[in-house]
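S.K.: I would like the entire structure built from these sequences, with the hints used as guidance.
In case you want the letters, here they are:
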Amino acid sequence: MKKLLTHTLIFFVLLSASAALVWFMPGTYPHDLAALVNKREMLKAKRHPCMIFIGGSSLLTLKSRLFEKQFHYSVANMSLWGGLGTKEYLEEIKPYLHPGDVVVVTMEYAADIDKDYIHFIHTNEESKKFFFLMSPGRHAREYLEKGNYFDLFKMVMELSQIKVTSYIRNLVTGNVRHLFDSGFPNYHKEFDENGDRTKPFTIFRPLNDTGADFSYPDNKNFLFLNDFNEYAKSKKVRMFFYFSPFPIGEYKANEKYISAFYKMMKRMAKFPLLNKPSDFMYPKEYFADTIYHLNQKGEKIRSAALIRMLEKTL
Amino acid sequence: MLFNSFEFLIFFLIVLVIYFLLPHRLRWIWLLVSSFFFFGYSYYQYSDPVHFPYPNNVYWYMFNAFAVISTIVVNYYCAIFIEKSKSTNSRYSKIILILGIAYPLLLLFLFKYLNFFNQTIYYIADFLNLKYPEHLLRLIIPLGISYYTFHVISYLVDVYKGVQKPERHFGIFSLYILFFPKVIAGPIERAHRLIPQFHEKKTFDYEQIKNGILLFAWGLYKKAVIADRAAIVVNEVFGNPHGYPGIYLIIAQLCFIFQVYCDFSGYSDMAIGLGQIMGFKLSDNFRRPYLSPSIAELWRRWHITMISFFRDYVYIPMGGNRVAKWRWQYNIFMTFILSGLWHGANWTFITWAGLNGLQMLISYWTRKIRKTFIGLAGLAKTPRFHKIIKIVITFSTFWFSAIFFRANSMSDAFYIIGHLFTGLGGVIRTAFTFNYDLLKQYLVIPNKTTFLGFSKPGFLPEMITLALGILVLAIIEIVQENSEEHLRDRIARKPWYVKWSLYYCLMFALVFLGMYTNQQFIYFRF
Chain A
1 MKKLLTHTLI FFVLLSASAA LVWFMPGTYP HDLAALVNKR EMLKAKRHPC
51 MIFIGGSSLL TLKSRLFEKQ FHYSVANMSL WGGLGTKEYL EEIKPYLHPG
101 DVVVVTMEYA ADIDKDYIHF IHTNEESKKF FFLMSPGRHA REYLEKGNYF
151 DLFKMVMELS QIKVTSYIRN LVTGNVRHLF DSGFPNYHKE FDENGDRTKP
201 FTIFRPLNDT GADFSYPDNK NFLFLNDFNE YAKSKKVRMF FYFSPFPIGE
251 YKANEKYISA FYKMMKRMAK FPLLNKPSDF MYPKEYFADT IYHLNQKGEK
301 IRSAALIRML EKTL
Chain B
1 MLFNSFEFLI FFLIVLVIYF LLPHRLRWIW LLVSSFFFFG YSYYQYSDPV
51 HFPYPNNVYW YMFNAFAVIS TIVVNYYCAI FIEKSKSTNS RYSKIILILG
101 IAYPLLLLFL FKYLNFFNQT IYYIADFLNL KYPEHLLRLI IPLGISYYTF
151 HVISYLVDVY KGVQKPERHF GIFSLYILFF PKVIAGPIER AHRLIPQFHE
201 KKTFDYEQIK NGILLFAWGL YKKAVIADRA AIVVNEVFGN PHGYPGIYLI
251 IAQLCFIFQV YCDFSGYSDM AIGLGQIMGF KLSDNFRRPY LSPSIAELWR
301 RWHITMISFF RDYVYIPMGG NRVAKWRWQY NIFMTFILSG LWHGANWTFI
351 TWAGLNGLQM LISYWTRKIR KTFIGLAGLA KTPRFHKIIK IVITFSTFWF
401 SAIFFRANSM SDAFYIIGHL FTGLGGVIRT AFTFNYDLLK QYLVIPNKTT
451 FLGFSKPGFL PEMITLALGI LVLAIIEIVQ ENSEEHLRDR IARKPWYVKW
501 SLYYCLMFAL VFLGMYTNQQ FIYFRF
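So the sequences go chain by chain: A and B.
In terms of this note's numbering, the first sequence opens at residue 1 and continues consecutively.
In terms of this note's numbering, the second sequence opens at residue 1 and continues consecutively.
It is worth saying that the hints were derived from the structure and are not from the lab.
Don't take each hint at face value.
[Unchecked claim] DSSO-like, lysine-lysine: derived pairs with alpha carbons at most 27 angstroms apart:
id	chain 1	residue 1	chain 2	residue 2
1	B	Lys210	A	Lys128
2	A	Lys235	A	Lys252
3	B	Lys210	A	Lys3
4	A	Lys199	B	Lys210
5	A	Lys252	A	Lys276
6	A	Lys115	A	Lys220
M.R.: Okay, structure coming up:
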């Protein structure tokens, strides 16, 4: 009995030490959302004042350099995926805000007025996992305070597992040079120094139109924006919101919901709205593969229009 | 309750500690209570409580409990009556035997095959434009019914033949049926092997417990590192075979072949390991079937306890090989068809089993031609090489027939077979010309955010891990195949640092490479 317990204990110690080693050793996570780690590093390294863009994948092709040139701010495009949840995103950037910074927020319509998608955002475990990776200490504390010890253990182990498969991939393919990179494995190939995508989205027809089953908005889903605005004000940071681009056809088909959303935002928002939804309605030819992703032509127009809108307020 | 779940770990630790603390005379009660709990809780999870919440499910719980308890009671008394009537030379023993066998079989047919007949009637009615309320007769199959039916049949037949004494202790007999490591998916234990073990006093034995843990860990490795990882590819491609070119159909079928083996043999290893930790010896269920040089040999190494059940209680009573040649071939074929039907009343299983039976017969019919060819090709002079060729051919034919086993329908199976080589020429041509842009055209699945079920960046690391997992399995099985001794006994004799390094590697793989996604064991549904 004593022998069995001793050996079990030794194994437990060995595996715990291995888990700690894997967790603290630098390494990549082969998952799209791991780019959050690289984006956090980018934001930390930016000089201030900084213009921070928060949004879904519709923002990924933004031409940040034009904003840098125009406003003499450094620009951090933190956007990655609409399914991540804007509330959590804003929580993550709070520690990195400095006086004079500007936060520009957009939310794709699916995240605003598609009930199923909103539910998906709130329940998506993958997002939780990679937000955890953005600030592990803070999240771990939260888990411990709530007494969710098993969930914390599961989170750490699942992230460690992803890292271990990445080590294996790099070792087997001889990619030893990048063995101890961090975040997303190909981040520097896929994103530039401002966090914009280096390549435009592939053109695909018909456009993927998932995430367009709209209904009337619920203001509960947007109160956090006002809360963030309050926080930003206290830090002498300005916050703006703009309505994201959308194809004209889909806009017409969902006009009543989008208009209701706009009216609600106008009524409740304690921060400036840069545009009306109709300002960013474009023909389908301006879109790449989904109703949210602009192609190069569309992006040129959106970036220029957004600069004009910001010029009026900054 | 899945063996690879955290809740099972907690359950088993509690069972184990109390089991060893109790005196021998009380242990059977504890094991029976634990087995009942395990069985009931597993059924609760298995019957999809999310989609069929209480109270919609309560009737099924009652049916499930009724099915297993009534089977135990009926067969307990039947065995005693058989012995009594045999001792008085009464002619009723055979009638009691038939009744005892008929009862669980009736339940099995009712629950397992009524859905099939119901669906068939629905299809016919639909074809004839008639309305048929198919939904009124949808039954949830009681968990483990196929397995405990086989247990009681073998028990009754053995009592009838005088091979086995009827068990007078009702609790021990119930435990024989419900013993939790094997109740859901086997191994199918013969009464004369298992029942005496419940009467024996078990002592705490470090070596035995260590070996049991190692076997459990190895089974978990097969399930969590290989089977559940392969399942992601398999579920994605077989869920929509029309969306994938031939190369992916081939890859998915290859993944399935390893998934099904690692899932089931992993489960069996875990069950045997659990038994061993508590001091029970359960029967081996798999003996490296993919290293078999013939299809007949493969079936002697695959799901051994079920195949031996079919041999002893179906094939031999039909006459076995002691009959005319045509009748013997008929017996083989029918035994396979019945084993296919056991997997489920579905044409895919029947075709899969039929193909395997046919392969056995073809190998018999062509034995002379093959012998001549082997002589002409000079393969007899290189027996090792010859064996490798035989293993590859056996594996390939099994790989092919298993398309029917996994396909969701017969039409899907035929689609997959018809499209296995679609686009393959292009892939091979471009791969050899190193024209990767062109190769991409054949390999990229347009407008999909995932790749074979994995996220795009996660695909390569996961597939490399899967391939390495299979490679480790293959190396271990080949080493074991060429040795009489158990590999774990050989490892136990190595210096402590070698031994501990190997154990550590296994544990590291389980912790950092295992997928714990609650993927059910494939054979639970049979």
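S.K.: Holds or violated: Lys199 (chain A) with Lys210 (chain B), Cα cutoff 27 angstroms?
M.R.: violated, 55 angstroms
S.K.: Taking 27 angstroms as the top limit, are the C-alpha atoms of Lys115 (chain A) and Lys220 (chain A) close enough?
M.R.: At roughly 12 angstroms apart (the allowed maximum being 27 angstroms), Lys220 (chain A) and Lys115 (chain A) satisfy the hint.
S.K.: Keeping to a limit of 27 angstroms between CA atoms, is the pair of Lys210 (chain B) and Lys3 (chain A) held or broken?
M.R.: The hint holds at about 10 angstroms.
S.K.: Check the hint pairing Lys252 (chain A) with Lys276 (chain A) against an upper bound of 27 angstroms on the C-alpha distance.
M.R.: Holds, at roughly 14 angstroms.
S.K.: Would the hint linking Lys210 (chain B) and Lys128 (chain A) be met if the CA-CA limit is 27 angstroms?
M.R.: Distance ~38 angstroms between Lys210 (chain B) and Lys128 (chain A) Cα, so the pair is violated.
S.K.: Holds or violated: Lys235 (chain A) with Lys252 (chain A), Cα cutoff 27 angstroms?
M.R.: violated, 40 angstroms
In this structure, the hints that do not hold are numbers 1, 2, 4, in rising order.
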